[in-house]
Structure formats: C-alpha cells, structure tokens
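Listed here are the chains, written in short residue letters.
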Amino acid sequence: MSDCKKCREHMIEALYGELAPVHQDLYDRHRAACPECEAEHAALAETLGLMAKRQRPDPGPEFWDGYWDKLSRRVLWEATEEGRGPSLAGRVGQVFARLPRWAYQTAGAAALLLVGILIGSRLIGPSGSTATTGTPGTTAAVSAPAPAGAVAQAGDFIERSKVLLLGLVNFDPAVEDAYAFDLGGKKAASRVLAAEAPAIRQGLNEPGQRRLRELVTDLEVIMMQIANLESGQDVDGVELVKQGVDSRSIFLKIDLDRMARDVRSAPAAGAAGPIKKSQV
Amino acid sequence: MDEDAIIEGMTRGDQRAFRELVDRFKKKVYYLALDMAGNPIDAEDISQEVFLKVYRSFGTFRKGAKLGSWLYRITYNASIDHLRRKGSAPEAMADEIIEASAGSDAGLPRRGPADPAEGLESHQLQDRIARALDKVSPQEKAVFVLRHYEDLQLKDIAESLGLSIGSVKSYLFRAVRKLRLELGTTALISHGDVS
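Residue numbers (the working numbering), protein chains in the order written: chain Z, 1 to 280; chain W, 1 to 195.
Next up, chain Z with everything else stripped away, as it sits in the complex:
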C-alpha cells in the first residue's frame, strides 16, 4: 500500500483530530513530503471551515415551548385510536377497495337512473305531492346533527374538570397537610373524565368548534396526567400538573369558553327589538 493511500485513509480522522498519536506522526511526515496530499488536506480543511459557517434555523422559543403539548396530544390520540380499532369509514373504505371496477360502473349507472326517476317524478307528478315529501329545509333540519347536544356535553365536561382542577391547584403542600389531600378521589374522578373526553371531542366536529375541541383535548391530557399520578402523596406530580394548567392558561380558556357560551345562549339583540335612542 502506498504512503499516499495510507495518508488518504487517515485524512478524515486527522481533519477531525481523532487520529491516534502513532499514526499522526507518520501522517504529518508524509504531508510534509507530499505536496498532493498536503493540498488535499488543506482543501478539505477549508471545506470543513466553510461548512462550520452554516447556520441551522432555530424555530424559536414558541416552537420548543409547545413541542411537548403537541407530542402528548399525538400520544393520547394514538392511544385512543388504538383502543377504538379501525373506524367505520376505514372499514367501509377497505370493503370498497376490494370491489372490482364493474361494480363501481354498475353502481354509478344505477345512481344516475335513480336521480333521473326522482327528477322526473317531481316534474311530472302532482304539485301537492311535494308538500307531503317535505321541503329541502325540513329534510335538512331532520338530518342535521344536533351540535347543541355536543356543546352542552362539552360544557358539562369542562365545568366538572374545572372543579377538579381548582381543588388541585389550590392545594398548597407548604401550608396544608398532604395526607388530608384526597388525591385518590381526584385520580378516580379524572379517570372518568378522561374516559368521557374522546366521545365529546368527536361530537365537536363543526368548523366553529375548533377552540372548544382543543380545550377538551387539553383537559383530556391533564386528566390523563392526574389519573397517572403515583399513588400516595405525589406532591411533585401535582406540581407538574399545576405547571401544565398554568402554562396552557387552562382557566383563562375555560372562562373564555364560558363567556362565549353565555353570549350564544343569551337572546339576540334583534329578537328583543331595536334599541331606542332613549334607552342608550
């Protein structure tokens, strides 16, 4: 093996200062005697110097502060999905994926025929018959989901979570007896709430319910944390939960949600009649 080849073999270790002293001496002597290897070493060292000037963009403190929250939501979501198994939509999708192409063509033709019959019966049939079949408005009213139910459920969930959290955050181990603090009861209650949360979240699928859904998710994560506190007097764990409640501004979000629901449930200004100038 030539000295140049040996030198190249050791070059990367030499450049990063990882070459064993016994090889370093030989390496340096060869470089001093071989202009080609010396030039190669110098060029690569320059490249490394240039690469050291590279700046990796920092996503910023907000990104890092919210990193755990995002991750814990994903962990929770995954745990919920695993427990649930494949969704109805997923199962239906799997069935459709197995169907041959002719089945889609036949179904398409049948659907077109059905639409044609429906349009024809409306145009040709007696005018009174439309009233018996119902107007599109009434059909929509019957088939629309009842978002108010989901919102009410979420409201109840939030209120119960708030009561539990207030008991927890107001506990001060410095002035109160840790053994009188009923952590076991709180853990049991939080387990119940955490179990209810996924169904409530799923009910909140309207575009305007994103914040409410996020609040339920936040509370679900916290309830899971409480449920997973160690048995006995896990004061450190309680502190962590408190910090989580504080960092996510949970009480502020709960109050804002309460205000929003109060505004929605109050009679509309228009319904009460126009405000007269004398009232202002």
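Because the hints were derived from the structure by calculation, they are not lab data.
No false leads were slipped in.
Once the Cα atoms are required to be at most 20 Å apart in a straight line, the calculated EDC-like pairs of lysine to aspartate or glutamate come out as: (1) Z:K53 - W:D134; (2) W:K53 - W:E3; (3) W:K27 - W:D2; (4) Z:K242 - W:E20; (5) Z:K162 - Z:E214; (6) Z:K242 - Z:D182; (7) Z:K70 - W:E20; (8) W:K135 - Z:E46; (9) Z:K53 - W:D151; (10) W:K27 - Z:D69.
Given chain Z, put chain W in place with the hints provided.
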C-alpha cells in the same frame, strides 16, 4: 434526572421520564431530521414520529446502549423512510466525478462569484451550503451532520447508525470531498469572500 433514571422510568412507563427524555433530546432529534429532510415542517413531523416510536417501543431498547445513539438511529431511519415516501432522495454525485477531481484542483468548478463583494452576502453562502449538502447521499449526510454539527466521535456515529467504523470514515470522506467539489472552496477562499 440522569440517563439511567430516564431509562428506568421509561421501562416502568413513567410519563415524567418520557417528558424528560423528550426535553433532553428534542433539539438533537429535530436538527438531525431537519438536516436530513431539508425543511422545518417535515423535520417537526419526523421528530414527533421519532418520539412516538420511542414511546411505543421502548421495550426494544437494548440495555447498556446509549439513549442518544438509539434516538439518532430511529431519527435516521425515520428520515430515510420519509425521503422514500416523498420520493425525494437527493441526487447523489457520481463517485467518478469525485475521484476525477481528487488530489487536483483542475477538476474543481469555479463557482465563486465574479464579484467578490457579492459573495459576502451571508444568505448566499447559506444557500450554497444548503445546495451542496443536497448533493450528498442520505447516508453520507447523516454521518457528516453527526460528526460536524453534533460533534459525535466516529465510533459513536458507527454505533448510532449501525455501521462499521470503516464505513463511517468512508462515508465522511466522500461527503467532505463532494462538498468541496460543490462549493469550490478554494475559489471562494482565494477570492476572500468568506470572512
């Protein structure tokens, strides 16, 4: 919490140990994913996927291994999977080109700007470095990034990526040569536009 305590806690399924692990390694995992994937959105996604895998399969962690090495391995594999899914594995430079240029500056493209002042623009330099890194294969890039930016010793890189030390040295040498070729370092330095 030291590394042993994290490992012990993770084995017991302790949520706080998991949080500690995430807090300790999130930046390292994110930046390796960023270097591999090339954009922050994918990097965030890959890094979170890595921690989900850790959470799901901590049982596969080998006792006595280094937590950091294990995480780098998962990040590397997740990044490679991501690149495959996206079909955006970087176009690696042919070895013949590298060999032809080795040991001689004659083959080096002179990519330095005609006007040296132009090269003083930092963002231009960053852009050129990013493009040069894109020309390096994923394996070479992972080895280079771990050595150059994460300051891992060659033997630790070998352990992290499941390679022999010889392979690590080879990947690293090729990576630096490709970068040299892409950047035309000599031209840049001699023009004095790299402060």
